[in-house]
Amino acid sequence: MSRAMRELILGRVRPGAAVTFFCLPKRNVTKEKGTPFAGPHYGGFPALLAKPGGCATRAIRCAATRSDSARRLPPARLRYSAARRGPNYVAVFTMHTNPYLPHVARIVERRQDAPTIFTLRLAFEDAAMQRQYRFQPGQFNMLYLYGVGEVAISIVSDPEEETMFDHTIRVVGRVTEGLAKLAPGDRVGIRGPYGRGWPLAAAVGKNVLIVTGGLGCAPVVSVIRYVMRRRADYGKLTIIQGVKHSADLIYRLQYEDWARAPDTTVLIAANASAGPWPWHVGPVTELITQAHVAPDSSVAMMCGPEGMMIAAAKILLQHGLGEDRIYFSTERNMHCALGHCGHCQFGGKFVCRNGPVFDYSEIKELLGIRGF
Amino acid sequence: MQAPAQFLARSALQSMIDALAARGYRVIGPQVRDGAIVYADLAQVNDLPQGWRDAQEPSSYRLTHSDNVRCFAWANGPQAIKPHLFAAQEPLWRAIQTDDGFRVEAVEPDVRPLAFIGVRACDLSALALQDRVFLGGPFVDPYYAARGTEMLLIAVHCSHAAATCFCASTGDGPRAGAGFDLALSELEEGFVLEVGSAAGRGIAALLPLTVASAQQIQAAQTQVEAAAQSQTRTLPSRNLRDLLFANLDHPRWDDVAARCLSCGNCTLVCPTCFCHAESEVTALNGKETLHQREWDSCFSAGHGYIHGFQVRPETKHRYRQWLTHKLGSWHEQFGRSGCVGCGRCIAWCPVGIDLTEEAHAITGETGHDE
Ligand SMILES: Cc1cc2nc3c(=O)[nH]c(=O)nc-3n(C[C@H](O)[C@H](O)[C@H](O)COP(=O)(O)OP(=O)(O)OC[C@H]3O[C@@H](n4cnc5c(N)ncnc54)[C@H](O)[C@@H]3O)c2cc1C
Ligand code: SF4
Ligand code: SF4
Ligand code: FES
Chain A
0 MSRAMRELIL GRVRPGAAVT FFCLPKRNVT KEKGTPFAGP HYGGFPALLA KPGGCATRAI
60 RCAATRSDSA RRLPPARLRY SAARRGPNYV AVFTMHTNPY LPHVARIVER RQDAPTIFTL
120 RLAFEDAAMQ RQYRFQPGQF NMLYLYGVGE VAISIVSDPE EETMFDHTIR VVGRVTEGLA
180 KLAPGDRVGI RGPYGRGWPL AAAVGKNVLI VTGGLGCAPV VSVIRYVMRR RADYGKLTII
240 QGVKHSADLI YRLQYEDWAR APDTTVLIAA NASAGPWPWH VGPVTELITQ AHVAPDSSVA
300 MMCGPEGMMI AAAKILLQHG LGEDRIYFST ERNMHCALGH CGHCQFGGKF VCRNGPVFDY
360 SEIKELLGIR GF
Chain B
0 MQAPAQFLAR SALQSMIDAL AARGYRVIGP QVRDGAIVYA DLAQVNDLPQ GWRDAQEPSS
60 YRLTHSDNVR CFAWANGPQA IKPHLFAAQE PLWRAIQTDD GFRVEAVEPD VRPLAFIGVR
120 ACDLSALALQ DRVFLGGPFV DPYYAARGTE MLLIAVHCSH AAATCFCAST GDGPRAGAGF
180 DLALSELEEG FVLEVGSAAG RGIAALLPLT VASAQQIQAA QTQVEAAAQS QTRTLPSRNL
240 RDLLFANLDH PRWDDVAARC LSCGNCTLVC PTCFCHAESE VTALNGKETL HQREWDSCFS
300 AGHGYIHGFQ VRPETKHRYR QWLTHKLGSW HEQFGRSGCV GCGRCIAWCP VGIDLTEEAH
360 AITGETGHDE
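Heads up: the protein sequence lines correspond to chains A and B, in order.
Note that numbering that gives the first Met the number 0 has the first sequence beginning at 0, numbered continuously upward.
Note that numbering that gives the first Met the number 0 has the second sequence beginning at 0, numbered continuously upward.
Just so you know, these hints were derived from the structure itself, not from any lab.
Incorrect hints may appear among the rest.
Derived SDA-like pairs: lysine to any residue, alpha-carbon spacing no greater than 20 Å straight-line [to be verified]:
#, chain 1, residue 1, chain 2, residue 2
1, A, K205, A, Q289
2, A, K363, B, D248
3, B, K315, A, L365
4, B, K315, A, Q253
5, A, K243, A, H318
6, A, K180, B, D99
7, B, K315, A, E364
8, B, K315, B, L260
9, A, K243, B, K286
10, A, K363, A, H318
11, A, K180, B, D98
12, A, K363, B, D241
13, A, K363, B, R240
14, A, K243, A, M227
15, A, K180, B, G100
16, A, K205, A, M227
17, B, K286, B, L91
18, A, K363, B, H330
19, B, K315, B, N246
20, A, K363, B, L247
Make the full structure from the sequences, and use the hints.
Put into structure tokens, the structure is as follows:
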């Protein structure tokens, strides 16, 4: 029995939760193979599944209760709603928190990583929510700054850390500038986690190749830390970082630290350099050959400017790495992160829902084409 | 199985509005406002667009009046019923300052049940598509869902297609096939009525109906067929996704971009477009702030903006996004084309760009593929 169903029977609806009754044509639901109506936010009733493509076409014609109040919802009401539609309809109900609402979180710690980059360590005000909060490296949250707006930011902490989660943010505009001014004790709003993260389970036992470009790429930092903490689960770890100018390299100490870890190689390239620079001078793609990729036992994960990722992917393909072993973390304008607002579209993909991590084969058709 | 078709005399149409109101519905129906047909609160039969016809052509929409008794002898207006479910602008939540930060409260949408009279076949298809967007994914949009609460849909099969209509080729009209509670065919003397659901049957039971005659049923059938026959525009009925994406470098994109003003009218009148932008509005007292959303368009500059980079800087990119999404990637996302053949984007385009023509030119497909 789903939790939602149990709560329904007990007459308890979580405060802030909304219950939606769906009245679906029977032909659209199945008890066997299908997609659960339930995501992390839903409970289905009874154990019905949506047939592929059949969910919710003309679905909602029944009732949605108001949120915020706990009230009794007799199952009879569901059956009544369905019966009103006719014998070919069945009632399904989902309980979910309004996915548009941010939850208040407190800044526990703030760290300045570089002149324009800082890290916030956050915890939800609601302790129960913090305990239940789960995410995968590569997933992101929507961070809300009071009165200014929401932005998409990757989660960089370890998923096993239960008391807090971290965001590393670069100041580029209105919201990020405002976030940079906050201090420990200040509050932000959080919705998430969203999207599909890195394929870390599939990469177990394999060599992991990380390629990043530009100024400190938060999404891959989460992978590096994840693998470092579970060193025995993965093969060789190779970190390739490219910057335009040697002065752009942030986390220099961090890289040196990583380079000393067992079975780990750090390769850094700057297109131009000044001062003492122990690493490569030239495009980052030149380092990939040095990395000695074993095509059968490697997975590549990349983040950074799309041009750099595409160039790197081409070389990896030449080295025999499969298209489904090359992963990109992508960015598009985001407002809802729920698959509703349309801004993050990349051809037929919603970056917020189908991504932000994609394998090469999924997006190669439109990669590098201006306008998508 | 199909119950015999019934008939509602023209003089008894008010009884339908009254029955819906008595059942607690907020009744919405077509009316003439500022030279166009719009769906608004309807109390009286007299407010229906009796005697009005619409003449639609690329970049042109005109209403004309005659003493014809018919109230539904027109094709459509600038908006389908979309704004009543997916509001053009609406508050989502407010954040209220507290001593140590702020708290967030949802803004509850008005959930009074809606009953629509005069919904078109293409509007019903578009509604089913918007349901997939807002209700069919892993996250249900509670604002959209709340307005669909107990909604009742009374369709009117089209008898007079506009020159811009091409629903017959997309398979969405002019006859409403599914998704209605009641459907009407308008004849001079009244309406042939079909029941589409148990809720519709409940309303029908409150009306002074008679059994429709064979001639009436035949006349209703003939006029909807004539409306289909009269359509001259077509979209290729096959899935154009691969053809469109195989032709991203087609010179026609430059050609259409030279004509397109990038105004976004097409996306704002389209009954299936779902893009919206969220923003904050701070209250005058400075103690709270409202988070709202409003319709956005892939023709707007903000749509493809990421810091330091514009994904779609040129009109060509924006028109190509619109067409490849509408007729192409919709298939991947929602299982069918995003176009229901209503023709609004043709009539309301200030320079008369016709997406059927562009689609034919770019895909090389003719309309009548066997
Ligand atoms: C999946 C994902 C993960 C991200 N992870 C991080 C991260 O870990 N750290 C980090 O510093 N940044 C990250 N970003 C980028 C971050 O979202 C933008 O820098 C931020 O939105 C800029 O907002 P602004 O108001 O400061 O800038 P402005 O330039 O003032 O932006 C105005 C608005 O445009 C939109 N926008 C602008 N840039 C972006 C962008 N790159 N992506 C999406 N929407 C944008 C937003 O709606 C923003 O509110 C991520 C983006 C995505 C899509
Ligand atoms: S694309 Fe044009 S014709 Fe098709 S549904 Fe939208 S407005 Fe109507
Ligand atoms: S991307 Fe453009 S065509 Fe597609 S739904 Fe949004 S506004 Fe409409
Ligand atoms: S961010 Fe709104 S659809 Fe992806």
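Enumerate the violated hints, using their earlier numbering and listing them in ascending order.
Checked against the structure, the hints that fail are numbers 4, 5, 9 and 14, while the rest are satisfied.
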